[in-house]
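*Asks:* Spelled out, the chains give:
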Amino acid sequence: MPIERRTLLKGLAAAPAALAAPPLLRHAMAQSETLDVAAVYSLSGTFANVGTLLNNGSQWAMEHYGSVLGRKINYILLDDRGDAGEAVRKVQEAMSQRGIKHIIGCTNSAIALAVQKEVNARGGIYVQMAGADESTGKDCNKANFRWPVASYSAVNATMRPLIEKFPNAKKWYTITGQYVFGDSLLTNVKDVLKEKGLQHVGNSYHSLSDREYSGYIATALASSPDVLAICNFGNQTLDVIRQAISYGMKRNTKILAIWSTGLDQFQALGPENCEGVYFGCNFWHGVDTPGGREVAAVVKAKTGDVPNYLQACGYAVAQVLVEGIKKAGTTEIAPLIKAMEGMTYEGPTGLEKIRPEDHQVIKDYYLMLGKAKSAMKDKNDFAEVIAATKAFLPPDKTGCKMA
Amino acid sequence: MDTPRFPNVTTLIVAAAMIVLPFVVPATLASQIAIFATAALSVTLLLGGAGLLSFGQGLYLGIGAYASGLLLRDAGFALLPTLLVATAGTAAVAAVLGAVMVRRQGIYFVMLTLAFAQMGYFAMLAAKDVTGGENGLSGLPRRFDLFGATIASPLSFYVLSAGVFGLAFLAVQRLLASPFGSVLTAIRENEGRSEAMGYNVRLYKIAVIAVAGGIAGLAGSLHAVFLGFVPPTDVDLEVGQRMLVMSIIGGVGSPGGALVGSAFYTLVSEALSELWARWMALIALVLIALVLFLPGGLWSAGRHLTGLLRRRDADG
Numbered sequence: 001m002p003i004e005r006r007t008l009l010k011g012l013a014a015a016p017a018a019l020a021a022p023p024l025l026r027h028a029m030a031q032s033e034t035l036d037v038a039a040v041y042s043l044s045g046t047f048a049n050v051g052t053l054l055n056n057g058s059q060w061a062m063e064h065y066g067s068v069l070g071r072k073i074n075y076i077l078l079d080d081r082g083d084a085g086e087a088v089r090k091v092q093e094a095m096s097q098r099g100i101k102h103i104i105g106c107t108n109s110a111i112a113l114a115v116q117k118e119v120n121a122r123g124g125i126y127v128q129m130a131g132a133d134e135s136t137g138k139d140c141n142k143a144n145f146r147w148p149v150a151s152y153s154a155v156n157a158t159m160r161p162l163i164e165k166f167p168n169a170k171k172w173y174t175i176t177g178q179y180v181f182g183d184s185l186l187t188n189v190k191d192v193l194k195e196k197g198l199q200h201v202g203n204s205y206h207s208l209s210d211r212e213y214s215g216y217i218a219t220a221l222a223s224s225p226d227v228l229a230i231c232n233f234g235n236q237t238l239d240v241i242r243q244a245i246s247y248g249m250k251r252n253t254k255i256l257a258i259w260s261t262g263l264d265q266f267q268a269l270g271p272e273n274c275e276g277v278y279f280g281c282n283f284w285h286g287v288d289t290p291g292g293r294e295v296a297a298v299v300k301a302k303t304g305d306v307p308n309y310l311q312a313c314g315y316a317v318a319q320v321l322v323e324g325i326k327k328a329g330t331t332e333i334a335p336l337i338k339a340m341e342g343m344t345y346e347g348p349t350g351l352e353k354i355r356p357e358d359h360q361v362i363k364d365y366y367l368m369l370g371k372a373k374s375a376m377k378d379k380n381d382f383a384e385v386i387a388a389t390k391a392f393l394p395p396d397k398t399g400c401k402m403a
Numbered sequence: 001m002d003t004p005r006f007p008n009v010t011t012l013i014v015a016a017a018m019i020v021l022p023f024v025v026p027a028t029l030a031s032q033i034a035i036f037a038t039a040a041l042s043v044t045l046l047l048g049g050a051g052l053l054s055f056g057q058g059l060y061l062g063i064g065a066y067a068s069g070l071l072l073r074d075a076g077f078a079l080l081p082t083l084l085v086a087t088a089g090t091a092a093v094a095a096v097l098g099a100v101m102v103r104r105q106g107i108y109f110v111m112l113t114l115a116f117a118q119m120g121y122f123a124m125l126a127a128k129d130v131t132g133g134e135n136g137l138s139g140l141p142r143r144f145d146l147f148g149a150t151i152a153s154p155l156s157f158y159v160l161s162a163g164v165f166g167l168a169f170l171a172v173q174r175l176l177a178s179p180f181g182s183v184l185t186a187i188r189e190n191e192g193r194s195e196a197m198g199y200n201v202r203l204y205k206i207a208v209i210a211v212a213g214g215i216a217g218l219a220g221s222l223h224a225v226f227l228g229f230v231p232p233t234d235v236d237l238e239v240g241q242r243m244l245v246m247s248i249i250g251g252v253g254s255p256g257g258a259l260v261g262s263a264f265y266t267l268v269s270e271a272l273s274e275l276w277a278r279w280m281a282l283i284a285l286v287l288i289a290l291v292l293f294l295p296g297g298l299w300s301a302g303r304h305l306t307g308l309l310r311r312r313d314a315d316g
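Residue numbers (the numbering used here), protein chains in the order written: chain A, 1 to 403; chain B, 1 to 316.
So that you can see chain A by itself, here it is in the shape it has in the complex:
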């Protein structure tokens, strides 16, 4: 019997679908047994040292949970190489071609801000650790949740206790990284100083590539400040502290690093530099809470040591997502977001709550004071917590308009 041309064409058109059917079915079945969670971190590039520790925390958290709602958690790492464009492309690929809807992590704010828009546009959920105010401010969206505090909280949770402690410290000098995050810290510092009637005697800006700050410190010294507030992040914070100390600034001036990553930076500075310096931290392993003990146990099993901020932060974003899924009883995005709004849980810093208005996790931020080497109880006991404060902008002041 001759085959008609139309029949042949129809058959040929159907062939690829028929060939693809078994893998599609397998994929669909596998999907019901596992939950794919993609983590966006920079494992190479400029921020590889930060991304690796964050990734460790998230991966260990997911291994610790193992499964949720009876579905095995399949942790998929997306290495963005420190490039926000690469992060967006990989998230696009994961969501559109692999059907992944649950995303966590970021290594810097630019990546988080780009990814949170992408995830929202594609109907997913994203839990991250950006520092930029915009993340839960003017750029907030339904899909996006943020664990660490924003710059407003860091400034207010460190400056206000310090001002109370030293009411005579009237003159403040700032050294600021000339980038979005540094500027954001500086703006908040100025606001607090204005409100308290204190004097801002000067500011020195440095660029993202600066490593030498002696000129700025000499300028600061010339204005005889009572407090030097450092408004930057990462290794630049360490360099400013080291150089300020080597110029003898610690003798007459309080040094406050508003944004620090805690343990790993203390280890890099050593107790001789940490002593008498004030630091702002999102997490401290010495704060005894049920959630903190859980993180400590997970990290100790992996490294034999206590958790640092980056590991705890990586852990925290994974925890927020899994606890949310448990509360929602589903992995479907809309009910999951709804369940996470207002959710409270035992997080690494104690009882933490997700604010429904902007999806910001409400948690403590610590003001810490570096200890003398002789006062350290163990090799990681670099600092003591002076104040633990939940200082957040009221929701109507964040600029967040949840669509």
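Fair warning: there could be bad hints in the mix.
[As the list claims (entries may be wrong)] Computed list of lysine-lysine pairs in DSS-like fashion (alpha-carbon distance at most 25 angstroms, straight line): (1) 128/B / 138/A; (2) 128/B / 397/A; (3) 250/A / 373/A.
By construction, these hints were calculated from the structure, which means they are not laboratory data.
Once you've looked at the hints, dock chain B against the given chain A.
*Replies:* Chain B only, in chain A's frame:
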């Protein structure tokens, strides 16, 4: 350079590769390859065509990307006018900067390209209210209509990127095969003699810098459209270096090298970055090996192999 014919076997190979690409790698990765192949074409034209080494092509990619982002988001432009305006605008900027740069030759020309690229990056940071600064430019539309077709899925973005690359590729091939291309070759081989023959070398150089800038701007425009976002790295000095490395790895002797270089760099970085944080060291090793042993880049490997086989057949 290839024998300047147009179209030739290179055209066919490149067309076949672009058809096969989305079947062997994910569509988003294929789009990335096509976009950076377009970007690398600008270096191929400058370095391979006119012998002008530029570290600053990333600046034009960045200008194209930011211009497109602003046109799409704030001016409500459609896709096609955005691509056209961004390309023409970047070419105009490149022409102006080129008029300054061609006043110097050799190392001084190279340093000027570097300086302008650096200025571009800091200008982007300084104008953060417009560009978004380090956070990048976001809020771009994610769905486009082009000649009645909707561009929203990864595959449709690939078709767009591949189509644009194809057009840019044909344009570069045509340009190099034209009398204009012959003058560029003459300038590359002996600038002094070209001048003595009466050619206005500076004008030719400005023209090729403008065209190459326009192509880089087109790549930047595509990148912004593809991501729905302009990352600050698009105007970073590193992106210009990456374009240069891609071109040299692929080979600046043929426009086909731009595609090979982009595919090689993108796929190798994709495969290695999760295994080893210092994967760039391997790219550097490849670059060293190519410069030492295969200066024509990977594209020339085929020609070398064909030559070897022919010689062996002749000997046999």
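*Asks:* For the pair supplied as a hint, residue 128/B and residue 397/A, is the alpha-carbon distance within the 25 angstroms limit?
*Replies:* Given that 25 angstroms is the threshold and the Cα spacing comes to 22 angstroms, the pair holds.
*Asks:* For the pair supplied as a hint, residue 128/B and residue 138/A, is the alpha-carbon distance within the 25 angstroms limit?
*Replies:* holds (15 angstroms)
*Asks:* Would you check the hint for residue 250/A and residue 373/A, treating anything up to 25 angstroms between C-alpha atoms as holding?
*Replies:* holds (16 angstroms)
Hint violations for this structure: none, all hints satisfied.
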